[in-house]
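Chains as they are written, first to last, in the numbering used here: chain A, 1 to 188; chain B, 1 to 413.
Keep in mind the hints are simulated off the structure, nothing from the lab. The beta-carbon is built from N, C-alpha and C at its ideal position, and this holds for glycine as well. Take the hints with a grain of salt, since some may be wrong.
Not the full set, but computed from the structure, chain A residues with beta-carbon under 8 Å of chain B [stated by the list, open to error]:
#1 25
#2 43
#3 108
#4 183
#5 187
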Amino acid sequence: MRALNVCVAVALFFFAGSALAQQARLSLGTPATPEQIRGWDIDVRPDGAGLPPGKGSVEQGEKIYAEQCAACHGEKGQNPAKGFDRLVGGKGTLATPKPVQTVGSYWPYATTIFDYVNRAMPFTAPNSLTADEVYSVVAYLLYVNDIVPRQAVMDAQELKKVKMPNADGFIPDGRPDTDDLKCKANCK
Amino acid sequence: MSVSRRRILASGAALAIGGMSSVKSGEALAGAVPPDVPEWMREQGGPILSPAYGLPSKFEKDVVRRIREPRATDTEAFSVTPLQNLHGIITPNGLVFERHHAGVPEIAPDQHRLLIHGLVDRPLVLTMDDLLRFPAVTRIHFLECSGNSSTEWRKSGYHSVQRTHGLMSCCEWTGVPLSTILGEVGLKPDAKWILAEGADAAAMTRSVPIEKALDDALIVYAQNGEMLRPEQGYPVRLFLPGFEGNMSVKWLRRLKIGDRPWHSREETARYTNLLANGKAYQFAFEMDVKSVVTFPNADRSFKAPGSYEISGIAWSGRGHVTRVDVSVDGGATWRRASLQEPVLDKCLTRFRLPFSWQGQPLEIQSRAYDDKGWMQPTRSSLIAARGTNPRYHFNAIQGWKVAADGVLTNAST
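Chain A with its partners taken away, still in its complex shape:
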């Protein structure tokens, strides 16, 4: 009988435990509709997930770049205005004392250019370019960095295939990377 009581107590304990776990759901908020999600779901991944329909050529990108980008980032991505990012060049400089980290020399994925231009550029009018215009600007930036030919047209399929020069340049967090970061004796 006592054993049975213990069993009941144990069973009740687990039941109460799961009831508590159930209570963790508060049913707050409103279900997100597919339409709501579509409006905000702008992120793009290196595997191409999230790239929207549309396409753009180097030639179209050259025009848009001249109008929307060159004032800060410089003509053809060279000689940017003071304080703004240089987008072109720097190849072979990453392991030197004066690394030049540009889209061409440093960025590991071409999809990230699309994602960033789409969400944050142009600086004075973010969220103003169409998908075609973003594809065009990306095509142009890849062209001026000698990554795609002048006749290239970028769309979701083409962009995710682009291999960036520094694609293999990133490694996981290597810390602790010096003995001087880990205490061996008399540490407390």
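Knowing the structure of chain A, use the given hints to seat chain B on it.
Below, chain B without anything else, positioned relative to chain A:
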């Protein structure tokens, strides 16, 4: 009753009758210091609600955030906290450092929405009203930009601790554990990463590992007892204790659950640490154990020989500070500083050490240790490991030189 006491009473009566705001008084009233009685004890002070939201004394007008150098824009920009003027561990809300990628959006809280979707069972839209109904927690944590003191990779030339280390603040944060909210939406089995996206004009975006999200991540709406300041993400931000500040995405509008990281611009082109060999650390999240002496400092240092208290702040993004040693001879000998309670995880700890200055030149340093076995390295060992190209995660021992006249300068210049 003494003569001077009677005089004071007499002029006090004259003030009350005449309603004058100031009184030309006799000799005994001329000064503010003993034995004289100051003028502000002879009339009523300012009224309440002046202003309704209180401000610091006008005599503290120089205690402000500053820029380090002018930048091309004032929206893709940052300001630094005046660590040299702060006491204890809490940064007042108006002095918390700022780092924006596209300025500070002005968001009415009833217009703000947090969308949670991706690899979840029940995608949700939360309003601020919804968020305020969740069970809340309050925690004290530091927030450090991973670029803090990055000028010291190469000799900075900055002598002010505000400029070298001021991308660091510490507040009491209130909000909802992210794990609670993820319980509401229900994670799919392959949920490994979470994209956090801001509602600013940069739609600032970072990928957060699910382990952190389920550990101590918070969805924060209040700091130091009041709603977030606009520049801190009003009405709601992500807060990842101990991780590089950039990941605590402000003006949080969206969380998308996925099976891999997104490699956004802010985790590839930026916030990656380029090493001497040309490779770069990516997804290096924790802020290392670190400390810095904040008194003496470039604004206020030793004046005359005598008694002082050396003081500073220490912290670790992995746990809590267990020990801080202080050297006044450039690291040749060390003394253990006392740690001011409370000593909390991923939080500033104030350290103090009594010191008697005899007027000799010094190089003051501090070195912190944490409960996870990490310690603060020397600048030379850190540079030997990584070179001088990194722009982030500099946590080496900081030296301050004090000359015989008390002038303080950065020892690494």
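Status of each hint after checking the structure:
no., hint, verdict
1, 25, "holds, 6 Å"
2, 43, "holds, 6 Å"
3, 108, "holds, 5 Å"
4, 183, "holds, 4 Å"
5, 187, "holds, 5 Å"
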